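Can you make the complete structure from the sequences, with help from the hints?
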Amino acid sequence: MWRRSTGQLGVFWLSFRLAGGNWLLQCSSCLDQALYSDSKIKENVEDADLQTLMQQIKHIRIREFDHGEEEFFNKFFSRRQLGIMAHELQPVMPTAVGVLPERRWTNPKGVTNQTKNVMLVRDTHLLFAALGAVQLLAKKADVWDEGIEQLFKDNSAIVAEQDDNRRKREELLEQLVRVVAKVEVMQFGFAKTEESVARVEGAMTHHKQVQQERHDQMLLSVDMLTNKSLEQDMNIATFQEAFRQAVDRE
994 MWRRSTGQLG
1004 VFWLSFRLAG
1014 GNWLLQCSSC
1024 LDQALYSDSK
1034 IKENVEDADL
1044 QTLMQQIKHI
1054 RIREFDHGEE
1064 EFFNKFFSRR
1074 QLGIMAHELQ
1084 PVMPTAVGVL
1094 PERRWTNPKG
1104 VTNQTKNVML
1114 VRDTHLLFAA
1124 LGAVQLLAKK
1134 ADVWDEGIEQ
1144 LFKDNSAIVA
1154 EQDDNRRKRE
1164 ELLEQLVRVV
1174 AKVEVMQFGF
1184 AKTEESVARV
1194 EGAMTHHKQV
1204 QQERHDQMLL
1214 SVDMLTNKSL
1224 EQDMNIATFQ
1234 EAFRQAVDRE
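Counting in this note's numbering, the sequence shown tops out at residue 1243, every number present.
Keep in mind that the hints were calculated from the coordinates and are not lab data. Only a predicted model underlies this, so the values are computations on that prediction, with no experimental measurement involved.
Computed cross-link-like contacts, DSSO-like style, restricted to lysine-lysine with a CA-CA straight-line distance of at most 30 Å:
| no. | residue 1 | residue 2 |
| --- | --- | --- |
| 1 | 1132 | 1051 |
| 2 | 1035 | 1132 |
| 3 | 1133 | 1146 |
| 4 | 1161 | 1175 |
| 5 | 1035 | 1051 |
Right under this line is the structure:
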C-alpha cells in the first residue's frame, strides 16, 4: 500500500507495507497534530510569543536547490525549487524539525531503497510561525498607521501655523513698507524744513547785519548831532558872552 504526504520542502511519496516490520504503520505520531485543531484534544494551550516567532522567521534561510532523488519531489514541477534546509532550520526553530529514523521507497526501476535518519520539516509550524509574524507586523502597522495619522495631523497643524505666520509676516512687511514710506516722506519734509530754516537763518543774519549797520550809522549820526549840538552850544555861549559884553559897554 502507498500513502502520500506533503511538506514545505516539496511533495514526496512515502511508501510502506501493511505487513509487519514497518514502524510507520498506523503511526498517529507521524501525522502533524496541528491538523487536529479541536481544543478538547489539546493541553497547555497558551499564546505564542510573536516577537520570538518574528526573530525566528528573520533568521530562516530560504534556499534554492535541486532534488538529488526522484522520490523526493513532485514530478509535476521542476526538480529545482525553493525551500528550507532542515539542518539550518533546527538551530533557529528546533520544534519545527524532526528526524525520520527509517524510510523505504522504490525507484521508477522497481529497486527498493532505504533511507535512514532523514530530517523533516513541519511545514504547519512554519506556516503558523509566519502567521504569528504577520500578526505582529499587523499590530505594528496599526501603531505605525496611528503614528502616521498623528504626523499628518501635526503636519496639518504645522502647515496651518506656517500659513498664519506667513500671513503675519506679510502684514508686518506691509506695515514696514508703509512705515518706510512715511519715513521717506518725513525725511523729505525734514530736508525741506532744513532748507527753510537755513534760508530763515540766512535772512536773519542778513537782517542783523543790516540792523547793525543801521545801528552803527545811527550811532554815528547821533555822535555827529551831539558834536553839532555842542558846537552850537559853544557858539550860543560865545554869542551870549559877546552880547553881554556889548551890553556892558553900552
